[in-house]
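Numbering (our numbering), first residue to last: 1 to 589.
Among the hints, erroneous ones may be present.
Claimed, not checked - Calculated pairs, SDA-like style, for lysine to any residue (alpha carbon to alpha carbon, straight line, at most 20 Å):
hint: 1; residue 1: Lys302; residue 2: Val259
hint: 2; residue 1: Lys302; residue 2: Lys251
hint: 3; residue 1: Lys161; residue 2: Val186
hint: 4; residue 1: Lys410; residue 2: Asn142
hint: 5; residue 1: Lys147; residue 2: Ser290
hint: 6; residue 1: Lys468; residue 2: Leu483
hint: 7; residue 1: Lys17; residue 2: Lys251
hint: 8; residue 1: Lys302; residue 2: Ser290
hint: 9; residue 1: Lys467; residue 2: Leu498
hint: 10; residue 1: Lys486; residue 2: Asp472
hint: 11; residue 1: Lys218; residue 2: Gly416
hint: 12; residue 1: Lys529; residue 2: Ser516
hint: 13; residue 1: Lys479; residue 2: Met466
hint: 14; residue 1: Lys251; residue 2: Lys410
hint: 15; residue 1: Lys402; residue 2: Thr414
hint: 16; residue 1: Lys218; residue 2: Ala506
hint: 17; residue 1: Lys486; residue 2: Met496
hint: 18; residue 1: Lys467; residue 2: Ser442
hint: 19; residue 1: Lys402; residue 2: Gly416
hint: 20; residue 1: Lys529; residue 2: Ala509
hint: 21; residue 1: Lys147; residue 2: Lys17
hint: 22; residue 1: Lys147; residue 2: Lys161
hint: 23; residue 1: Lys147; residue 2: Asp164
hint: 24; residue 1: Lys486; residue 2: Leu498
hint: 25; residue 1: Lys161; residue 2: Pro128
hint: 26; residue 1: Lys402; residue 2: Leu412
hint: 27; residue 1: Lys147; residue 2: Pro133
hint: 28; residue 1: Lys486; residue 2: Lys218
hint: 29; residue 1: Lys251; residue 2: Asn482
hint: 30; residue 1: Lys479; residue 2: Met490
hint: 31; residue 1: Lys147; residue 2: Asn137
hint: 32; residue 1: Lys161; residue 2: Asn142
It is worth saying that the hints were derived from the structure and are not from the lab.
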Amino acid sequence: MEETKEPRVERPKWDNKAQYLLTCIGFAVGLGNVWRFPYLCQIYGGGAFLIPYVIALVFEGIPLLYLEMAVGQRLRMGSIGVWNSISPLLGGVGIASMLVSFLVSLFYNTILAWVFWYLFHSFQNPLPWSQCPLDANLTGYNVECVKSTPSNYFWYRETLKITDNIETSGSLNWWLVICLASAWCVVYICFIKGISSIGKVSTDGLVYLFTPNWEILKNPQVWLDAATQIFFSLSLGVGGLIAFSSYNAEKNNCERDAVLVGVINSATSIYSCIPIFSILGFKANTAFNSCRMENILALTNKFEFSDQNITADNYVDWVEYLNRTSPSEVASLDLRQCDLQTFLDESASGTGLVFIVFTEAVVSMPGSQIWAILFFVMLFSLGLSSMFGLIEGVLTPIHDLKLFPRWIPKELITAGLCLASFLTALIFTLGSGNYWVAIFDSYVGSVPLLVIAFFEITAVVYGRGMKKFSEDICFMTGKRPNLYWKACWMVISPLMLLVVLVAYVAIQAQTRPSYSAWNPDQFPLAEQKQYPDWVFSIIILLSVLPVIPIPLVALYRLICSRIRNSSAPTDLNPYCNDGIYIQIIFKSK
Numbered sequence: 001m002e003e004t005k006e007p008r009v010e011r012p013k014w015d016n017k018a019q020y021l022l023t024c025i026g027f028a029v030g031l032g033n034v035w036r037f038p039y040l041c042q043i044y045g046g047g048a049f050l051i052p053y054v055i056a057l058v059f060e061g062i063p064l065l066y067l068e069m070a071v072g073q074r075l076r077m078g079s080i081g082v083w084n085s086i087s088p089l090l091g092g093v094g095i096a097s098m099l100v101s102f103l104v105s106l107f108y109n110t111i112l113a114w115v116f117w118y119l120f121h122s123f124q125n126p127l128p129w130s131q132c133p134l135d136a137n138l139t140g141y142n143v144e145c146v147k148s149t150p151s152n153y154f155w156y157r158e159t160l161k162i163t164d165n166i167e168t169s170g171s172l173n174w175w176l177v178i179c180l181a182s183a184w185c186v187v188y189i190c191f192i193k194g195i196s197s198i199g200k201v202s203t204d205g206l207v208y209l210f211t212p213n214w215e216i217l218k219n220p221q222v223w224l225d226a227a228t229q230i231f232f233s234l235s236l237g238v239g240g241l242i243a244f245s246s247y248n249a250e251k252n253n254c255e256r257d258a259v260l261v262g263v264i265n266s267a268t269s270i271y272s273c274i275p276i277f278s279i280l281g282f283k284a285n286t287a288f289n290s291c292r293m294e295n296i297l298a299l300t301n302k303f304e305f306s307d308q309n310i311t312a313d314n315y316v317d318w319v320e321y322l323n324r325t326s327p328s329e330v331a332s333l334d335l336r337q338c339d340l341q342t343f344l345d346e347s348a349s350g351t352g353l354v355f356i357v358f359t360e361a362v363v364s365m366p367g368s369q370i371w372a373i374l375f376f377v378m379l380f381s382l383g384l385s386s387m388f389g390l391i392e393g394v395l396t397p398i399h400d401l402k403l404f405p406r407w408i409p410k411e412l413i414t415a416g417l418c419l420a421s422f423l424t425a426l427i428f429t430l431g432s433g434n435y436w437v438a439i440f441d442s443y444v445g446s447v448p449l450l451v452i453a454f455f456e457i458t459a460v461v462y463g464r465g466m467k468k469f470s471e472d473i474c475f476m477t478g479k480r481p482n483l484y485w486k487a488c489w490m491v492i493s494p495l496m497l498l499v500v501l502v503a504y505v506a507i508q509a510q511t512r513p514s515y516s517a518w519n520p521d522q523f524p525l526a527e528q529k530q531y532p533d534w535v536f537s538i539i540i541l542l543s544v545l546p547v548i549p550i551p552l553v554a555l556y557r558l559i560c561s562r563i564r565n566s567s568a569p570t571d572l573n574p575y576c577n578d579g580i581y582i583q584i585i586f587k588s589k
């Protein structure tokens, strides 16, 4: 029976090259640079994270960025069509990218809701995170706030209303629900428009950022997070860049575009870390000196210093002397452990790092409200541009799969997607919502991206073939890829992805994952708790679910191929005809 071919629809194009590049840069440069990258650096000791990050950028990030831009531009299709065209068995890669885009967009837009909340409060004078609130009796400051800092208290208690653990859900925080709804409304409205002394203490933070702790590099988790940060930050593996590149002219220097976008993106990440870690150094020194002064006051009240008073300069010598001569009396004082490295490690961490650090910084600036407003407007703009790519990575495959009748307008499908995403993301507005954001960030934006990236590279190099792909690049750019690109695509990149993935799975099988719970009594240290069994099951599901379509589609294709090649009739024949198949995977050529 002959196939009825549908008329070819001319694919829209960018108005100019600058429009395309700015869209790609806006998609790549986002909250992953200003929000995610700094807190990963802080978790892994600053300089120790930069080493695997740069290695992953050079041998994984930029090569894969070039590859995605090239295949999208050459084949002029979305992620479903691209991978299905390269190899029918790999049609599930596009579906996997779509699922990752959807899941990432859920927690990504929640961060924009937090930005909305802070932006609203930035108009207040004084800023609400500049001082601790009064206690219930109005007789003094809130004890929990005093134990930590005003900025920490505003983040954990006023914004998140965070619970003590992930098992205690708490109630929906209505202010976050409103902010989340507003964020999704803005995304929808925009998307339907189309494609059109201080110096010294700050130095401590910068030394911390650029000084590696070599022992940390033995942890495979560091390499996994470095690799996935590259994918998350460059927005690789989610289909958005392939969709954007498909609107390019066929002859365009995509190699230059990939290098430009990759370098700008990573330079932005490192640049954004400089003020953050400068402020961390200032915060750590302030907390360190405050800790010592509390201990000095306690020692002064306990002991008499006749010939020489205890000061910050001779504090260490006096404590050592008193521990030798009066150990029981010193022990009875229960002195705080004052260690600068501890304050650098734990003064602010996790998903709230940027919110805590910058809000505390602007308080001491003249015209603090103006600076706060400018910062959060900038943060929202960065996140919004990346959300466009994530939504594009979902909508383009939906249209490729032809899941909806043609008479349903794209605006209505987009509205349905935004509404479904908002309702699903309500879990992040609970008292335990921040713990769930951390889970989605750690597991949806990590292992699935590694798996998708591995199949993308192998599909192009060993499915389409390196020779044919080199000819494609020569057609588009006027020159064949050099040895560096070929070595990365054929050996280095897939091998690195495979090694990191296997090592990570092996480590996770031996240790139970844990999370940091807010406990002001342990500030600046966070309380580490293990995930309960039911949460651990969800973690496994989130890590595996997005990539399940890859083997399922391949298996479906193999079965249908055998059925079609078999001369014997079978009851499964109707399920492999083109009419039903097109609803499962975009029809191959």
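Each hint, compared with the structure:
no. : hint              : verdict
1   : Lys302 <-> Val259 : violated, 64 Å
2   : Lys302 <-> Lys251 : violated, 79 Å
3   : Lys161 <-> Val186 : violated, 25 Å
4   : Lys410 <-> Asn142 : violated, 51 Å
5   : Lys147 <-> Ser290 : holds, 12 Å
6   : Lys468 <-> Leu483 : holds, 16 Å
7   : Lys17 <-> Lys251  : holds, 12 Å
8   : Lys302 <-> Ser290 : holds, 19 Å
9   : Lys467 <-> Leu498 : violated, 23 Å
10  : Lys486 <-> Asp472 : holds, 14 Å
11  : Lys218 <-> Gly416 : violated, 46 Å
12  : Lys529 <-> Ser516 : holds, 6 Å
13  : Lys479 <-> Met466 : holds, 14 Å
14  : Lys251 <-> Lys410 : violated, 29 Å
15  : Lys402 <-> Thr414 : holds, 14 Å
16  : Lys218 <-> Ala506 : holds, 14 Å
17  : Lys486 <-> Met496 : holds, 15 Å
18  : Lys467 <-> Ser442 : violated, 37 Å
19  : Lys402 <-> Gly416 : holds, 16 Å
20  : Lys529 <-> Ala509 : holds, 18 Å
21  : Lys147 <-> Lys17  : violated, 54 Å
22  : Lys147 <-> Lys161 : holds, 17 Å
23  : Lys147 <-> Asp164 : holds, 16 Å
24  : Lys486 <-> Leu498 : holds, 18 Å
25  : Lys161 <-> Pro128 : holds, 15 Å
26  : Lys402 <-> Leu412 : holds, 15 Å
27  : Lys147 <-> Pro133 : holds, 13 Å
28  : Lys486 <-> Lys218 : violated, 29 Å
29  : Lys251 <-> Asn482 : holds, 18 Å
30  : Lys479 <-> Met490 : holds, 18 Å
31  : Lys147 <-> Asn137 : holds, 18 Å
32  : Lys161 <-> Asn142 : holds, 15 Å
Taken one by one, the earlier hints fail for this structure at numbers 1, 2, 3, 4, 9, 11, 14, 18, 21, 28, listed in ascending order.
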